[in-house]
Amino acid sequence: MVTTENLTFYYKKEQHTFSFPDIFLEKQEDLLVLGKSGIGKTTFLHLLAGLLKPVNGTICIADTAINSLSARKLDIFRGQNIGLVFQKSHAIQSLNVFQNLQARLFFSKKAIHPKAIDQLLIELGLIEYKNSAIQELSVGQLQRLGIALSVIHNPKVILADEPTSSLDDENCKIVIELLKKQAKQTEANLIVITHDHRVKSFFSNTITI
Amino acid sequence: MNLLKISIQNMKIKPLYTFLSIFILALSIALLLGVQQLKNSFEHQIKNNLAGVDLVIGAKGSPLQLVVSSVLHLDNPTGNIPYDEAQKIRKNPMIKKAVPISYGDNYKGYRIVGTTSEFIALYGASLQKGNPVQKPMEVVLGYLVAERLYLNIGDTFLSSHGLIENEIDVHSDELTVVGILTPTQRVIDRLIITNLESIWQVHDHDDHDEEEEAEEHAEDHDHDDHDGEEEAKEHVQGDDHDNHNSHDQHQEEKEITSLLILFRNPSALLTFPRNINKNTNMQAALPKYELDRLYQFLGVGFKTVSWIAYLILIISGLTIFISLYKMVKERAFDLALLRTYGASNVQLIKIITYEGLLIVGFAFVVGFFVLKIALHYILNVLDGTKQQNILQNLPFEQLLYPVSLVLLITILSILLAIRPIMKMSISSILSREK
Numbered sequence: 001m002v003t004t005e006n007l008t009f010y011y012k013k014e015q016h017t018f019s020f021p022d023i024f025l026e027k028q029e030d031l032l033v034l035g036k037s038g039i040g041k042t043t044f045l046h047l048l049a050g051l052l053k054p055v056n057g058t059i060c061i062a063d064t065a066i067n068s069l070s071a072r073k074l075d076i077f078r079g080q081n082i083g084l085v086f087q088k089s090h091a092i093q094s095l096n097v098f099q100n101l102q103a104r105l106f107f108s109k110k111a112i113h114p115k116a117i118d119q120l121l122i123e124l125g126l127i128e129y130k131n132s133a134i135q136e137l138s139v140g141q142l143q144r145l146g147i148a149l150s151v152i153h154n155p156k157v158i159l160a161d162e163p164t165s166s167l168d169d170e171n172c173k174i175v176i177e178l179l180k181k182q183a184k185q186t187e188a189n190l191i192v193i194t195h196d197h198r199v200k201s202f203f204s205n206t207i208t209i
Numbered sequence: 001m002n003l004l005k006i007s008i009q010n011m012k013i014k015p016l017y018t019f020l021s022i023f024i025l026a027l028s029i030a031l032l033l034g035v036q037q038l039k040n041s042f043e044h045q046i047k048n049n050l051a052g053v054d055l056v057i058g059a060k061g062s063p064l065q066l067v068v069s070s071v072l073h074l075d076n077p078t079g080n081i082p083y084d085e086a087q088k089i090r091k092n093p094m095i096k097k098a099v100p101i102s103y104g105d106n107y108k109g110y111r112i113v114g115t116t117s118e119f120i121a122l123y124g125a126s127l128q129k130g131n132p133v134q135k136p137m138e139v140v141l142g143y144l145v146a147e148r149l150y151l152n153i154g155d156t157f158l159s160s161h162g163l164i165e166n167e168i169d170v171h172s173d174e175l176t177v178v179g180i181l182t183p184t185q186r187v188i189d190r191l192i193i194t195n196l197e198s199i200w201q202v203h204d205h206d207d208h209d210e211e212e213e214a215e216e217h218a219e220d221h222d223h224d225d226h227d228g229e230e231e232a233k234e235h236v237q238g239d240d241h242d243n244h245n246s247h248d249q250h251q252e253e254k255e256i257t258s259l260l261i262l263f264r265n266p267s268a269l270l271t272f273p274r275n276i277n278k279n280t281n282m283q284a285a286l287p288k289y290e291l292d293r294l295y296q297f298l299g300v301g302f303k304t305v306s307w308i309a310y311l312i313l314i315i316s317g318l319t320i321f322i323s324l325y326k327m328v329k330e331r332a333f334d335l336a337l338l339r340t341y342g343a344s345n346v347q348l349i350k351i352i353t354y355e356g357l358l359i360v361g362f363a364f365v366v367g368f369f370v371l372k373i374a375l376h377y378i379l380n381v382l383d384g385t386k387q388q389n390i391l392q393n394l395p396f397e398q399l400l401y402p403v404s405l406v407l408l409i410t411i412l413s414i415l416l417a418i419r420p421i422m423k424m425s426i427s428s429i430l431s432r433e434k
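First to last, the sequence lines map onto chains E and Z. Quick note on numbering: the first sequence equals residues 1 to 209 in UniProt numbering. Quick note on numbering: the second sequence equals residues 1 to 434 in UniProt numbering.
It should be emphasised that the hints constitute simulated quantities derived from the structure, not laboratory data. It is possible that some hints are incorrect.
Keeping only pairs whose Cα atoms sit at most 30 Å apart, straight-line, the calculated BS3-like set for lysine-lysine is [as the list claims (entries may be wrong)]: (1) Z:K5 - E:K109; (2) Z:K14 - E:K88; (3) Z:K350 - E:K109; (4) Z:K14 - E:K53; (5) Z:K60 - Z:K88; (6) E:K110 - Z:K350; (7) Z:K135 - E:K88; (8) Z:K88 - Z:K39; (9) Z:K96 - E:K110; (10) E:K53 - Z:K88; (11) E:K110 - Z:K423; (12) E:K53 - E:K12; (13) E:K130 - Z:K39; (14) E:K109 - Z:K96; (15) Z:K39 - Z:K326; (16) Z:K60 - Z:K96; (17) Z:K5 - E:K13; (18) Z:K326 - E:K130; (19) E:K181 - E:K36.
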């Protein structure tokens with residue numbers, strides 16, 4: 001369950017205040033947040049992920065008001081309950097595919113089950129790249145690894161920031177379907193923020209900011 | 001998966017940087033420890049081999065040469081002094097102990113020293129097996145001589161003239177091993193000890209041989225070359241005269257190389273050396289003073305190398321800092337990503353710290369390895385020339401200083417490198433990299 005109330009954020013440097021609409025998501029409910037560039041979509045996502053502290057308002061994820069958590073508790077909460085997917089997917093360069101997933105679980109303080117990792121890699125079509133270096137992966141493979149990294153720890157919420165912007169129509173569809181499937185499997189809320197209207201048809205719950 | 005493994009993986013992904021950081025640091029560690037060890041060994045060698053000798057009396061020449069040759073047994077002697085004169089000096093009431101030494105021969109590069117039984121006691125050695133020298137042509141071997149030349153009690157050998165191993169100028173008198181000394185870690189371990197009579201006897205026989213050869217040579221001239229008769233006669237007469245003189249001198253005026261003196265009271269150092277230098281044809285040299293002078297002279301070199309080592313250490317500290325700082329800056333997104341995984345700032349700092357400490361740890365291992373190889377090489381070179389193993393292992397306390405210094409520089413580098421992590425804004429880094 002994800003709820004936000006009266007959420008605002010102020011950028012000192014730009015002296016600009018963003019206000020965001022309240023959201024209320026039941027368990028496993030998806031949300032698409034649409035909006036033009038520069039409207040504060042990423043800020044909204046970072047507030048939900050606890051990477052930024054709101055000036056006003058509350059964010060509640062899985063019955064926890066994350067904006068009232070201490071820095072260390074927030075790190076732990078984020079690691080255990082939130083999965084992040086980025087437009088340009090990234091992974092730790094010095095670790096291979098399998099080690100990246102191991103590291104994700106390690107920092108989440110979740111048990112590392114190699115079989116579960118293998119199963120996820122099979123589902124995402126990455127099993128043959130299990131021991132590959134990150135630099136050896138294509139953009140599509142990297143995007144799938146990004147999805148794997150966001151769900152391997154069974155989060156409560158998957159937050160995706162422009163996950164399809166740099167993809168063609170076919171890959172756009174594949175990525176959204178994968179995200180929805182993984183969110184369903186892990187019983188997580190999926191919140192996608194994007195300016196890409198191609199994904200609109202995949203979501204029934206949409207807000208525009 | 002753990003933080004250390006991530007640090008190791010981080011190092012493996014940039015092998016050249018890692019190698020250079022380790023190599024430069026290892027080099028400075030090896031240099032620092034090497035210089036420290038050499039300085040230490042030199043000081044130890046001086047103190048250890050002085051054996052309480054307050055004064056060395058020998059032939060006029062360089063006082064440093066006299067001390068180095070008579071105390072450290074490293075250089076050639078300045079010449080000989082009459083034994084009679086030495087005996088007179090020995091009777092002086094200010095003198096507690098006076099040990100005459102005579103040398104000029106070697107066996108396979110190891111010096112043969114003719115002396116009295118007091119010499120062995122002077123260096124704190126005692127017999128490990130066998131008996132002391134009782135008759136001429138008997139020798140007692142220093143511990144290392146016996147070990148390295150595989151000599152045992154009852155073995156005999158022929159000495160060579162001079163202080164460098166040679167097979168041309170070999171004496172005809174056999175020396176017999178009668179005893180082997182205990183190890184002392186002093187110069188005596190590398191000496192062959194005999195009595196003064198052995199040295200005189202070996203050289204007397206050689207003089208006799210030369211005399212006989214000269215006479216035969218004269219007879220040949222007499223028979224074969226009548227025209228050169230007068231010239232030959234002159235030659236023979238000349239040689240005869242010299243040899244007889246020399247023979248008489250050996251019989252009547254025996255010589256030694258130097259006299260090692262220990263005073264009853266240190267105040268004797270103020271007057272005694274001056275008297276010797278002023279009133280005799282001999283010179284008195286103060287070992288402590290001369291060796292301090294030598295150390296001061298060499299100290300300039302030690303200091304220069306030390307400064308170079310410190311400079312390299314600072315450069316290697318900078319290399320570690322640059323390497324870690326670059327890692328933090330270049331992989332800011334990776335670190336921010338780890339924060340989204342749930343990693344705390346402390347965990348990120350630990351990753352960087354482990355990297356720094358791993359570099360230092362490897363550098364120490366490599367540094368020690370390089371130092372051991374270098375010292376082994378130096379030892380071999382020294383063994384081949386001076387038969388002197390002057391290197392001492394560095395005591396633990398003296399290792400602490402360079403180790404602490406390297407650790408301090410590393411910690412400083414780490415602290416400077418992790419500053420960006422402390423100020424890291426995950427949101428801005430992730431937004432920038434989108």
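Hints numbered earlier in the text: which of these fail when held up against the supplied structure?
Going through the list in order, the structure violates hints 4, 7, 8, 9, 10, 13, 14, 15, 17 and respects the others.
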